[in-house]
Structures are given as structure tokens and as C-alpha cells.
Amino acid sequence: MNLNKKKNNIKQCIVGIVCMLLSLFSGLSYAQNRVIYGKVINKEGKGLFLATVYTENKRYYATTDQEGLFTLTVPENTKILHSVSLGYAVQKVSLVYEAIFDGLLRIQLLEETLRLKEVVVIARIKESREGTSVYKISGQAIKQIQAISLGDVLSLLPGNEFKESNQNRVQQASIRTAAASTANAFGTAVIIDGVAMSNDANMQAKNPAASLSGGNATVARGVDLRSIAMPAIESVEVITGLASPKYGNVSSGLIIVKSKTGVQPLYISANITPTTYQIGLSKGQLLKPKWGVLNSNFSYVYSNGSPIEKKTYYQNINLGVKWTNVWSSAYQWKNTAAFQLYYANDGNRHEADEIYKNESDVKSVKYSGSLSGNLNVLGKLSYNFSTSLDQQHSYFNSMQTNGPLPIIESLTSGTFFTSYTPLLYRQVKNIYGAPINFNARIEAAQEIRRDAVTFLFETGLQFVYDKNKGKGRVSSGDISFIGNIVGSRAINFNKIPAAKTFSSYHQTQILRSSEHTSQELRLGLRYDYMNSRYHLVSPRLTASSTFYKKLKFTAAWGLSYKAPALIQIYPSPSYFDYTNFNYYSENPASRLAIVSTKVIQPVNRGLKPSRVALKEFSADWNSYGFSAHLTFYDKKLERGIYLSPSLLILEKQLYEVLETPKDAPPVVQEIPGEIIRILRTVNSPINSYTAHTKGMELTVIPPKIEATNTAFNVRFAQIITEEFDHSYRFRISKYVIGDRKARYGVYENTKTTSYLTKGSLTVIQHLPSLGLVCTLSGDLNFSNYKENEQGSLYPYAFYDTSGAYTPIPENEQSSAAYADLKLAETSYTIYEKPPLYTNFNLQIRKETEAGHSFSFYANNYLWKNPTYEIHQYRRTLNRDISVGFSMIFKLK
Amino acid sequence: MKIDSTMKKKKFFFKQQLLVLMAVLCLASCKKDDENYLGTLEVQIALKEGLKNISIADLTISVLNTVDNTKVEGQSDSTGNYVFLDLPAGLYNITVSETREEANYALSGSVTGIQVKRQEVSAETLTLDAVEPNAGLVIKEVYYGGAADGYASLFKDQFIEIFNNSAEVIFADGLYIANLYGETGNASSKHPITEELDISKYVYADFIDQIPGDGTQFPVQPGSSIVIALNAVNFKEGNPKEAFAVDNTGADLERYSVDWRENQGLTGNAYFDLENPAVPNMINIYMNNGLWLFDLYGTSVVIFRQDNAFTENDIVTYVKEGTTSEVFLTKISVDTILDGAEFLENSGAAAYKRIPTTVDSGFNFLKADGGAFYSSMSMQRKIDEVRSTRFGRLLLQDTNDSSVDFESIASPNQRGYDGITY
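One line per chain: the protein sequences are C and V, in this order.
Position one of the first sequence corresponds to residue 1 (our numbering), numbered consecutively onward.
Position one of the second sequence corresponds to residue 1 (our numbering), numbered consecutively onward.
Simulated from the structure, these hints should not be mistaken for laboratory data.
Ideal Cβ placement from N, Cα and C applies to all residues, glycine included.
Don't take every hint at face value.
As the list claims (entries may be wrong) - Pair ranges (Cβ atoms, derived):
#, chain 1, residue 1, chain 2, residue 2, range
1, C, V657, V, E385, 44 to 54 Å
2, C, V657, V, N69, 44 to 54 Å
3, C, R875, V, N69, 25 to 35 Å
4, V, N69, C, M887, 48 to 58 Å
5, V, L38, C, Y868, 36 to 46 Å
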């Protein structure tokens, strides 16, 4: 019955959307428009293919053909047009003053170099239909900080700081949180050219029964930002506020990456730091007439764990081709087909001075393809189809030195007679994963204008499919008893069902403008039918008002959801082993171990998506060369997924020896009635985590000093995050002596509050005549610490060794009877609060007239490793000085 | 302007003279610098209150520089005084240990961490006690540092050997063995246990076990030992570096605590606990952290007897300065201790003693400058050659001072004194 009801809901949604499209299409009005024919050219007068021409509000745009020609229909009262192309600076033209010759409006673009008067090397707030609080990081800024991968780019955002790129550790996004958490990173979406990268089907955890993290695993975490290399990237936009309803399965912001599209000469780049080397190539080749542009890119990164040792290393290769063409000028049909190959390898070498060979090699080869485009049908129709296959292989080969241990390999529950491993033995583990993702989205946008009011409608449908087709976890070598750590064994990933989500969304944007003011209202709604189980409705509302084109106020509110990862919904079985009988005789032939295994298969089908409610208010001022942006936000994450413990009671049967035959294991029998109850804890993911973040972001750009061409940028962020796990925790008795037995106390969790206050002042000295830009920034770290709420040191209940649960009356909890269960007095000690300190960073970039670029940075160069004392321990505040060098050669 | 050759020569000669003068001045200042770093230490010997008619003349006083581990000796004069001249400034340990055979006692005492300052006279009084050699069970060897077999054995091969220093059979049944908790004085040590806990009346153990038996089951012959191993396993089996590994299958007792821990509702540690059915097990009394483990960097061990069982009242909570974690130790009355041996990480670790001087007035170490873990080295009590010859049987040295009673040896010597006759 429920299934039928759900099917009906879906049908109704689809019918409704189709009707809306038809009604809108019939209601379109193009009254009072003007058609502009034009040509975008470079300095030499040559037409530029795939240049974009757009109005100031970006609602009307066109793409040039191979001759650089465009046709753009705009409202009659349009006065300004902008134009931009890959490698060229944005050009503004006035339709009032520009002369139109031969019926063509000519727009000349200048190459974007450091010799232009204006250069942007910081993250700037921009207005965007993709969301609120959008920071744009241009190609010039990416080059200035010598970003090696996407994670480095985020250092330009308020609340972050510039530091040496570390390619040996997984890079995760941490947007608007004072407490970096896996839940926050997991909820950040990465979109490349409209294609959302998915990490939901990644299951490459070594021992997921104990932990999903460890090493460089990104299971149930965000996309590893190292996988996006910067040589192919044109610009990055980070949406830290409320995202458009176009985007689903996201709870902590978006990173939208735009790769290079268009004609460009061959660029060869090299990035060098003490631990990392990167080489990159990118080129945009104009194909035969009418065949568009082929953009190709290649990048190789190699990184060591430290400058003085080569034990741990990381390397990746990115290879991509993208074919873009305008198939129809009449319909403005621009289509892009792209293919990307990504290879990554985290390795652990055997060093000559290490006694035993211990190696690990975590590899992944990802193939992804996409087809996307837009055309003037049903208003503006855009589509995006993408698929990816990731072939993952994690290999661990280690010499175990903890023998002799009982050998255990069972995949089923039971009691087994076995023997022992040698003193030293080799263990090899292989994990084969193959996450597959398919994502299809289609969207139509229309506009209606009535006098001073404009209505914009965006409506779309989306389908996402995630599955892991890998062989799973395979081990060889003696699989020994691993003590009291719950273990994971062989499992086939392919047997795990796929995750599917059907979505539809709509946004109505209402714009009204008068002489001195303008208002905008965005009413968005998204519906997701997730994993055949959840119906999720996400409203997203934004209202703004602008006065005299100088002062703008914006308020936003919305909900968004993030689905659990596949491994959280379908965790692999957990294995609990314990020794019933240990008989390690001197004679190897006489040895016997009796071991029991208990297999627990957690069932998490009831796990819900986490939900974020965001409220935001911001004010922008833009006038006389001075701009400021101030935002206050309140973000509440609920139903976040954390591991909650429960107790498992195992029964350990004891044995006695009946006979000891020569050169054979002993003959044993169970001792009647001799059973020891063993308690173990099982962790299961539940929706128990909440995080409430309140924050403030400020960005100020004062007017430039024209005489010296010196610019300034101030950014500041204050974030407070309160985290709470609504489940409970266990603590075993602190000590046991005499005839007493241990107990498991049950305690409430307490709230943890994290404080992060950071500011940054950047001075930008630009010398256009020399093609030189120098930035000096001081990162001010005001506070970065956590504190725990004072909770009770006493349990509210306990479990005994038989598994019986006993609540403790509140007036008895602190009595001597429970002294063994009292938590340490220092359990809620305030974490250390470091003093204010500053990092100073210098970046210098020089561009030659030929377009070659050389840059250098020094991080922490004025004040490195300051120390402070706390609890008589000396701690350092920042890191040692680090430097890097980069070259980009432009070959025409 | 031309410079003629005469002028050049004069200039050169002047430069030479100047250089020579500078060299002389430098050397003179260096010599002065060397002398500046020397000091004087005056040691005055005194007897512990209550002792009478004991001469303190002609006693050998040893002074050990804890920085470079050089030793200087001197003989006390008739008043028990000796002045050490020209000692490099630094920290010193002072020891006296001398056996007075005719009276069947030994004079013993030590002070540690004495500062000698440059260009100053430091005076220190060293109080000696007259100690009767232990005529009962003594700790003969503690092998705690781990084998040099490339981590194949790790520290699973630890053992302690207890020797019967008397002329009669002693039954080891019921004897307790305890490892005392505390930092060892290694590079990361900052807080001796004595900052928080008073060791004058109690010592504090993180594990205790007991030899089983009803009083007749574990006899130890005079001049023989009983060996208790963590695991009575042959660690040479399957070991690529078996020459450095230990065979513990000859142990008299071993520890096995997995079933005991799980019966308590705790978790046993199968990494380090193997059960050799041919070797009886110790009785588990108390374990703080799930491991029966002598500290690799330095261990302090006591053997003792008491009638009362341990209860929760004997539990002491210890929180080290600068940390928030609690450690739960069991206190042992000093009055119950039969013997103690104090081994720390290096010669300068005096502040980290865990045993009071009334039980062990000194301390010892595997290597004077530390870093001896996984070296196969072991600490063994010396043979008292003089008394062994005198009494015609093997006797081990026991002046209640580990700094003179023990020595570090290159590899464990389990039952190495068996069969030695005098």
C-alpha cells in the first residue's frame, strides 16, 4: 500500500512539473526586447570562439561561434554588456556609446595578464544564482597562491589560512565550521562543470567494523580534494551559504569548479615545494571549421611525506579531454563532451634500514565521462549526463610481529579448534572496490517580464545512481586473533544494493526594480526520493533588497539533506573473536587453541539522511571603490551519523584436558557449567549527532591607492560550533581488585563547543608595467580551541557482566559504591587556549611580455614556530617556514 | 701611489706580530675558560643514627659524573672526609659500599644528583647504614629491556629470577612480585612519581602477582633460583635472529591472565599472554593496564609478603602533573618488602626513584646514557666473591644499593649461577 502511495506521489510530481513547463512556455513574453549582433575579437582583430557575452545581471547571455559572432536578445533598456573568454579579462561595453559598424557591435578583449591595470588575486564575493555567500576565486588568484590541488584554493576563504600544500594527507573541505568533522566534510559537494563528484559508494576501509578512518581512507567522508588538479581549472566558486535547489545531497556548502573551455595556447606549468612536485599541461585547440574546440589537460603530482625521507609518498595523474562546440546558432546550442582519467596512489615504501618489509599501496583509477550543454528550447534548456567508474585497489603487506597467536579465519559464528601462527608471519590484505556513479539532470529556465517585475523560472529533474561493484575485501596469510578489536573479514561489495535518488526541483525568482531600489525574491523547492525510502522536501528561500545600487541586504533560509554513505547503510559484518582454550605446548605438534567467533551483521536500513537548516542575513556595500560584505549565519545540522555503542554478551565455554597423546593436540572436553560471560561493545551508526554553528564573516576591500597601485583586503571570520552526540557512552570500571567484577557505566554525552576566530590582512602591490604582483598577508589567529560542558562524572546506569541493566537513582550516583565508575575529575577540563599569533605569508609573481609566469611564496617567513607553555609543556603555534616556486610557460 | 717593497715588508711583519699576539691571547683565555669550569666537592661521611663503634676511615668513595659517566674515587681520611678537586661542573652521584667481613655487615650509602658548580666548593654529607646482607630471597636478575632480535619477541620474553641467598631451603609459595609505576628518567620524563605520592611508607604498583601454593610446592634451594616468565615460550622458534632470542620454557612459573581478566569482566590481552600447559601459572592479583609488563626503559621491582588480601582501600589514584588521565595503582607497605631493585633509564635519572632509600639506597641502569631497550641487555645481581669464598657457598651481593649490587650484562643469564660452587 505504501509502495503504491509513493509511486503515485512521484507521478503527481512529474505531471505537475510538465504542466508548469507547458504553461510557462505559453506565457513567455519577449515584448520590448532588442537584438544585438556582435563580434568578439582579440587585440589582433581575430574573432574569439566560445566567448560569452552577457548582461550585467547575467540573465541574458550568448556564446560566440567560430568567427566570434554572436546574437543576443536583451531587454530594450539594457545599457551595459560584459564579455569574457578563456584567458581574457572581462570587458565591459556600453550600448549607449559604443558604435556599431556594419550592424555589428565589436567587443575587443584583452588578454588577462599582470600588465592589465586590474588584477584579482583574492576571493571575492559575487552575486550568483547558484546560492548565497558565493566566493569566486579566479585563475589569477589560483596562480598567485600556487595552488596544487583544490584543497589549497580554500585557503583564500574567511576563516582559513594559507599553508604549504600537503599532498600526503587527504584534503577535505571544512566550510563554516569551527570543528572540522567528517560529517561536515561529507556534506560538502564538489561540482566540476556541472557534474557532482560522488564519494557515497566508497568502501575502501581496512577495518570498517572498528573505524571508517585510518591512513588516507575517505570512506563516508568528503571527496578527496587532491584529486582535482589545478592546471586545468579556470576558476572556482565556493557557495558557503544557501545553495540553489538545483543542488541536492549536500549539507555543508558547495565547491563549483569550472575547467578551462575555449581556445588557448599550450601552457606548461611546474610547481615545486620541499615535498611536492607538479607538472601540468593544458591547451585549447580550435578544430576544423564548425567542429568546435578541443581542450586537453594533463597533470602529474608527486609528493613525499617529508623533505628528508621518502617512506610515504603520493602521486596522481590527471588526464582529460573536452570537446565543446556550438551546434546551432539559431538555438544557441552549446554542447560539451568530456572524458577524464584520474589515477591516484598513496604508498608506503619499505626503507632499507627497516627490519621488516611493511608496505602499503592504495591505488585508484577513475574513468569519468560527461555530456552537457544548453540550448534555447523551452526557454533555456540545459542538460547534464555523467558517469564514472573508479577502480580501487588497496594493498597492505605487513610483517606481523605479535605472534604466536591463534589462527582464526572463520566467516561464520561458531567455535573452532585451531593452531597458532609463527612468531613472525606475513599478512596481506587486498581490498578491491569499484564505485560506479551515474548522474542525469535536465533543467529548463524561462522568463516573464511584466513592466518593472521579472519572473524567472527554473525547473529540473535529476537521477543519481551509486553502487560499488568491487570484489571487496580479501586477505591472505594467517588471519590471527586480533585481540579485543572487532574485526572485518572478506566481503563482496557487489552484493550490496545500489543507492538511487530521484529528484525534482523548482525555483521562482521575482525581480523588481525602480529608480533607486531593486528587490529580489527566490522561492525554491526541491524534492528527493532517496534510496526508495525517504521523501525529502527542501525549501530554499532568499530575499534581498538593494538601495541606490550601493547597499544591499539579503536574508535566506533553507533546508538541505545529505544521504548516508553506502557503507553506513550496509556495513560489513563485525567479527568478535575470543579464546576459549589456550594450549601452547613446547612441542608444536601438541599445540591447540580453541577459539570462538561471533559474527554480527548490523542492520542500518533505518538510517536517515542528515538535515541542515540554514538561516543567513547579510549586508553588502559597494561604492566609491570601497566594498564590504558582512554575513551572519546560523546553521543547524541534525540527524548527523555517529557511531553509538551497544553491549554484546558472549559466552566463553571453558575446556579441560582429558588426555595428552604424544605428538598430537590434547583431547579436551567442555567443563560443564564453566562459562564466562564476556562483554564487548558493538558500534553502530545512528542519527545521533547534531552540530549548531553560528558565525560571522566579514570581507572588506578598501579603495586602492592609485598612486602606487596598492590594494588591500581584509577578511575575518568568527565561528562557534556546538556539537552534541545524543546517544550515550560506556566506560568500564576504572579498576577491579579482589573478587569484584567490572561493570560498564552508562553516561550521558556532553556538549563540546569549538571557537574559531581568524582574520587576515592582505596588501597587494601590483606593478602593471613590470607585470609583477606581490602579496603580503598577515593571518591573525585570535582563537582556535574547544571546551566541554561540565557534565556529570557519574553514570546514570550500569551493565554488569551478565548483561543486566541497572539504573542508578540520582541521589546514589555519587556514593562510594560506584567509585569505580566515576569519571576522571579532569574529564571536562577546558582544552588549552593558545594565545594570539600571526602567520606572515609572502607571494610574488612576475609575468614576462611573452606570457611566461614565475612565482615564489614564503609561508611563515617572518615569525615561525612561536611557542607557548601550557601545563608545563611547550607547544608550537604554527609551522616552520616553507617556500615554493612555480613556473608557467606559454607556448603559442 | 706606489708602495715600495720596504713598506710592504713592514706591513707584513706588523700583521704577523698582530696575529701572534692574538693567538697568545686566545690560548690564554681558553686555558682560563677550562679552569673556569672546574669545581670542588667535599664529601663527609656520617653514620646513620644509632650506629656505634664503626670506623669511617679508609672507605672508598665513588663519585660518578652523570653527564659523561666518568668515575673518580677517593679514600676517606680518619674523620671520614675526602675532598675531590678539579671536578668538571655538573651533577654527580656519590656512593660508598664496603663490606666489613669480620663483623658480617656492609657499609652502604649513596646520594644522587649533587651539583658541583664551577669555581665553588660543594659540600655533601653522605650517611651510611650498616646493612646485614639479605639472608633470604633476593632478586637475582630482571630481564626487562626486550631482545635485540628485530622486534620478533618484542618484550614478551621478560622474566624475573629470584635467588635464595640463605643457607636453607625457602618455599616461594605466596611470595608477591610487583612492578612499581612511574617515569623512568628518559628523554620525555618530566614528573617523578614522588611529586604526587609519598614513597616513605608505601610504594605503588601497577601490577602485582603471587606465586601459588600451600607452602610446600615451590621450594628454592640455597644458591638456586626460581624463574617467573611473562610467557614460558621458546622465542628462538621460528626467529630469524634466534641468537638474540630467549628460551623461557625452563621457567618455573609463567603469567597467564586472559581467563582471569575476562572473568572479572575486563578484557585479556592475547597479544602477550600465552599458556604453556607444562608451566604453572602465577596468581593474578592486580593489573592496571591489561599488561604484565616491566617498563622497557627502566623497572623498579619489589618482592614482598603480606597476610592481608588487597582491597579497594589499597587503590590510589595518580594523576601526573600536566596530564588529565588517571592511573590506578595499588599501594604496598614498605614494611612488607623483602627486597627491591631500582632500575632507571640512565645515570642522571636519580629524581625518578620509585623505591625509598630505606629499601634501595641507589639505582642502576642498563646503559649510563640510556637507550638500551631492545638491546637484549639484562640487570643481574653480582656475586659477593668475598663472602662466597668465606662461607663456601654462592652468595650474591646485597647492600641494599642497586648501584653497586647490580650490573648490566649483554644478554640474559637465566639460571646462570646454577651449579657455581665455592
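For each hint, the structure was consulted:
1. Range check, V657(C) to E385(V): about 47 Å between beta-carbon atoms, so the 44 to 54 Å window is met.
2. For the pair V657(C) and N69(V), the supplied restraint of 44 to 54 Å holds, since their beta-carbon distance comes to about 53 Å.
3. Separated by about 33 Å at the C-beta atoms, R875(C) and N69(V) satisfy the suggested range of 25 to 35 Å.
4. At roughly 55 Å, the beta-carbon separation of N69(V) and M887(C) lies within the given 48 to 58 Å, and the hint holds.
5. In this structure the hint that L38(V) and Y868(C) lie 36 to 46 Å apart at CB holds, the actual value being about 38 Å.
When held up to the earlier numbered hints, the structure conflicts with none and fits them all.
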